[in-house]
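S.K.: Construct all of the structure, not just a fragment, from the sequences and the given hints.
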Amino acid sequence: MSTSTGEKPLLRVKDISVAFPVTGRGIVRRRIGSVRAVDGVSFELRQNETLGLVGETGSGKSTTALAVLRMLDLSGGRIEFDGHDITRLGRARMRRLRRGMQMIFQDPFASLNPRMRIGRILEEPLVVHGLTGDGRGSARRVDELLELVGLDSGTRDRFPHEFSGGQRQRISIARALAVSPKLLICDEPVSALDVSIQAQIINLLVDLKRRTGLALLFIAHDLALVRHISDRVAVMYAGRIVELADRDALYERPLHPYTQALLAAVPRPDPEVETARGIGLLPDEPPRSIDPALGCPFSLRCPKAMDVCRCETPPLRMRDARAVACHLYGPD
Amino acid sequence: MATAADTPLLRVRDLTVEFVGRTSCLRAVDGVSFEVAEGETLAVVGESGSGKTATALALMRLLPAGKAQASASEVTFEGCDLMRLPESRMRELRGNRISMIFQDPMSAWNPALTIGKQVAEPIQCHELLSWPSALSRAEELLGSVRIPDPRSRSGQYPHQFSGGMRQRAMVAMALACRPRLVIADEPTTALDVTVQAQILNLLKDLTRQSGASLILVTHDLGVVARYADRVAIMYAGRIVESGSAREVYRQPGHPYTRGLLACVPRLDRPATGALTPIPGQPPSLNRLPSGCAFHPRCPHAMERCRRERPVLEHKGGQHWGACFVDFHR
Ligand SMILES: Nc1ncnc2c1ncn2[C@@H]1O[C@H](COP(=O)(O)OP(=O)(O)OP(=O)(O)O)[C@@H](O)[C@H]1O
Ligand SMILES: Nc1ncnc2c1ncn2[C@@H]1O[C@H](COP(=O)(O)OP(=O)(O)OP(=O)(O)O)[C@@H](O)[C@H]1O
Ligand SMILES: [Mg+2]
Ligand SMILES: [Mg+2]
Numbered sequence: 001m002s003t004s005t006g007e008k009p010l011l012r013v014k015d016i017s018v019a020f021p022v023t024g025r026g027i028v029r030r031r032i033g034s035v036r037a038v039d040g041v042s043f044e045l046r047q048n049e050t051l052g053l054v055g056e057t058g059s060g061k062s063t064t065a066l067a068v069l070r071m072l073d074l075s076g077g078r079i080e081f082d083g084h085d086i087t088r089l090g091r092a093r094m095r096r097l098r099r100g101m102q103m104i105f106q107d108p109f110a111s112l113n114p115r116m117r118i119g120r121i122l123e124e125p126l127v128v129h130g131l132t133g134d135g136r137g138s139a140r141r142v143d144e145l146l147e148l149v150g151l152d153s154g155t156r157d158r159f160p161h162e163f164s165g166g167q168r169q170r171i172s173i174a175r176a177l178a179v180s181p182k183l184l185i186c187d188e189p190v191s192a193l194d195v196s197i198q199a200q201i202i203n204l205l206v207d208l209k210r211r212t213g214l215a216l217l218f219i220a221h222d223l224a225l226v227r228h229i230s231d232r233v234a235v236m237y238a239g240r241i242v243e244l245a246d247r248d249a250l251y252e253r254p255l256h257p258y259t260q261a262l263l264a265a266v267p268r269p270d271p272e273v274e275t276a277r278g279i280g281l282l283p284d285e286p287p288r289s290i291d292p293a294l295g296c297p298f299s300l301r302c303p304k305a306m307d308v309c310r311c312e313t314p315p316l317r318m319r320d321a322r323a324v325a326c327h328l329y330g331p332d
Numbered sequence: 001m002a003t004a005a006d007t008p009l010l011r012v013r014d015l016t017v018e019f020v021g022r023t024s025c026l027r028a029v030d031g032v033s034f035e036v037a038e039g040e041t042l043a044v045v046g047e048s049g050s051g052k053t054a055t056a057l058a059l060m061r062l063l064p065a066g067k068a069q070a071s072a073s074e075v076t077f078e079g080c081d082l083m084r085l086p087e088s089r090m091r092e093l094r095g096n097r098i099s100m101i102f103q104d105p106m107s108a109w110n111p112a113l114t115i116g117k118q119v120a121e122p123i124q125c126h127e128l129l130s131w132p133s134a135l136s137r138a139e140e141l142l143g144s145v146r147i148p149d150p151r152s153r154s155g156q157y158p159h160q161f162s163g164g165m166r167q168r169a170m171v172a173m174a175l176a177c178r179p180r181l182v183i184a185d186e187p188t189t190a191l192d193v194t195v196q197a198q199i200l201n202l203l204k205d206l207t208r209q210s211g212a213s214l215i216l217v218t219h220d221l222g223v224v225a226r227y228a229d230r231v232a233i234m235y236a237g238r239i240v241e242s243g244s245a246r247e248v249y250r251q252p253g254h255p256y257t258r259g260l261l262a263c264v265p266r267l268d269r270p271a272t273g274a275l276t277p278i279p280g281q282p283p284s285l286n287r288l289p290s291g292c293a294f295h296p297r298c299p300h301a302m303e304r305c306r307r308e309r310p311v312l313e314h315k316g317g318q319h320w321g322a323c324f325v326d327f328h329r
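Chains R and E, in that order, give the protein sequences. When the letters of the first sequence are read in order and numbered with our numbering, they come out as residues 1 to 332. When the letters of the second sequence are read in order and numbered with our numbering, they come out as residues 1 to 329.
Hints in this document: simulated from the structure, not taken from any laboratory. Note that the Cβ used here is the ideal one computed from N, Cα and C, for glycine as well. Be aware that one or more of the hints could be misleading.
Said to hold, decoys possible - Sample of chain E residues at the chain R side, in silico, Cβ under 8 Å: (1) S48; (2) P64; (3) A68; (4) C80; (5) V193; (6) L221; (7) R226; (8) R246; (9) G259; (10) V264; (11) L267; (12) D268; (13) Q281.
What the hints assert, rightly or not - Distance ranges between label pairs, derived from CB positions: (14) E/V20 - R/S75: 52 to 62 Å; (15) R/D152 - E/R22: 52 to 62 Å; (16) E/V20 - R/M71: 40 to 50 Å; (17) E/E140 - R/R158: 37 to 47 Å; (18) E/C80 - R/S153: 36 to 46 Å.
M.R.: Spelled out as structure tokens, the structure:
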């Protein structure tokens, strides 16, 4: 399915699934089953487009990202990137293609080697991908990258611990951009940063996208931030996409009861709005079972659940140029 | 910063916390004064490292011994001077008259004890109940925070609870002995928004029912707007602005507060072009700028701001601010 039109997508993810083994608690860690962390996820992403990915903890957002990068094995489905089917690509060819897709992580402290100077950190991906040319070329590229992310070129000789969290995240972004990727996957890129710094990083990403035509897959918990940066937004619940729509359609008229509950739960930074606004609280989280029960995984908490919801899993269906997986909305 | 004519539940004057290392001494909290009235919710907001947790731990007298020193000209809680109370009396107050909910719901639990036992312990200790009655009171409390099937759940261990359930059980434990003051240090930071709303609504309802006061440490301006009566904004170890939530949101006076409110995208406003970040970086405590610690990032900084440090002054109503620039421009 897709809500995008025209132009061939850069990334096409079709019905992918990822399962993790579940082991027993004894001394011998016997495999007792598996958990489907991602269960039939499909989406497309074009150049110069940002797809936001939101959903509760454990809903499979990071797993989806790692699967797209082929850092995890798929148990089903198909991924096409830049015209290539990368679903079953071998290591060597995948490494070459990975130049086109880079990732930045939540924790700017853990993801930079503490013993490397910034210059080396930025050169390393160039070396790995054989892009150094002569020595001077890579030095120039490092300066370019530092400038791109708003750091001065004097920082190249310093170590990661000499930088603040926001600066370290800029360095991670510079490193990801070193090889001129077409797709940048951002997994909670600002949630470890102070709000006063978050805006700097978000503006930087928006600006980079505009200047380079980068496609962004942007994972975050902060729904206001996702609205700010995304062109389209996908909402995940229990390993599935339950709703996918253009940004304004999703935020102004959420269809899925989970999306509605999610948006309602976000407190607005205005005491007058908040005293006037009631929020319908979701009931407690249900116990998680290893095998997802038949039926809609949200039905246990859904205020609008019907009988059919408990026995039949709703497929992701197109409705008015958007997609929703809910029995409240039948086929068009 | 008086909030009411009658004596407040808690009054803090010039609280200072220093972390002493072998070679250095960091002043994490630098002369903080505030009050909390009976039944009031005070939110404390500020960036990472601004001294929010250090303030909370100082009030509870839970700062790491030997590493940190707290001093104050006054910390009065229910007429007692907390700074000068013997540790044995302090232990009676903790978990009983004042309790604390920590940021990380996992590390605050003992992994080897069942949830029920951990909730029952302070009840037995402070209310002098028999162990079986304390346990059944614990089950009741777990039910009151809507843990499903509290009888059997109370026999489970922390890892068998979801993050949200652990934090709900923490709320139950914190309120077990009907404290007058609950200090919640980022109680929902690690949780989903839907779970966050459940926990905070619960905390708010339960404190309202028992008339307890709440100090809510958070970095989420939405949470402040929804749950706080008053708010104190901290920057580099000091309170730079405080007031009723309405005053501060309608007319933020300190440039830092204005910056905070302007830099977050918001669901209640149309999506805009670029965000307006606060320039620069938060200062590190061992290299604090001269004068007002915010001046290097402040769009209105004047010569005076570089030389002199502004103190918290009354700006009308419940509104206080520490800034030389005309507060209600
Ligand atoms: N390496 C792994 N082994 C086993 N289970 C895993 C592994 N990684 C993830 N999972 C499980 O897969 C599910 C999806 O996890 P994932 O990290 O993708 O969620 P997420 O949406 O990114 O959550 P969060 O918002 O907390 O980052 C979870 O139930 C998680 O426990
Ligand atoms: N045990 C410690 N030893 C030395 N310094 C400490 C210690 N604990 C805190 N600090 C320092 O004291 C300052 C205030 O820390 P505090 O934990 O109060 O900040 P905070 O406002 O709670 O931040 P956050 O939002 O990250 O929780 C920081 O600069 C911190 O590095
Ligand atoms: Mg994740
Ligand atoms: Mg803290």
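S.K.: All the hints need checking, so say for each whether the structure fits it.
M.R.: So, going through the hints one by one against the coordinates:
At its closest, the beta carbon of E/S48 sits 5 Å from a beta carbon of chain R; the interface hint therefore holds under the 8 Å criterion. Contact between E/P64 and chain R, as hinted, is not supported at the beta carbon level, the nearest pair being about 22 Å apart and thus beyond 8 Å. Violation of the interface hint for E/A68 is found here, the shortest Cβ-Cβ separation to chain R being roughly 23 Å, above the 8 Å cut-off. With a cut of 8 Å, the hint placing E/C80 at the interface with chain R is violated, because the nearest CB-to-CB distance is about 32 Å.
Because the beta carbon of E/V193 sits about 4 Å from the nearest beta carbon in chain R, less than 8 Å, this interface hint is met. For E/L221, the shortest C-beta to C-beta distance to chain R is roughly 4 Å, which falls under 8 Å, so the interface hint holds. For E/R226, the suggested interface contact is upheld, since its CB lies about 4 Å from the closest CB of chain R, less than 8 Å. For E/R246, the interface hint holds, since its Cβ comes within 8 Å of a Cβ in chain R; the closest pair sits about 5 Å apart.
A hinted interface residue such as E/G259 counts as satisfied when its beta carbon comes closer than 8 Å to some beta carbon of chain R; here the least separation is about 6 Å, so the hint holds. With its C-beta approaching chain R no nearer than about 6 Å, E/V264 sits inside the 8 Å limit, and its interface hint holds. This hint holds: E/L267 has a C-beta 5 Å from the nearest C-beta of chain R, less than the 8 Å allowed. Hint status for E/D268 relative to chain R: holds, with the closest Cβ pair at about 4 Å, below 8 Å.
Interface hint status for E/Q281: upheld, as the beta-carbon distance to the closest one in chain R is roughly 5 Å, under 8 Å. Against the hinted window of 52 to 62 Å, the Cβ-Cβ separation of E/V20 and R/S75 comes to about 55 Å, which satisfies the hint. A C-beta distance of roughly 33 Å is found between R/D152 and E/R22, which places it outside the suggested range of 52 to 62 Å. A hinted range of 40 to 50 Å for the beta carbons of E/V20 and R/M71 is consistent with their spacing of about 45 Å.
Range check, E/E140 to R/R158: about 57 Å between beta-carbon atoms, so the 37 to 47 Å window is missed. A hinted range of 36 to 46 Å is violated for the C-beta pair E/C80 and R/S153, which are about 58 Å apart.
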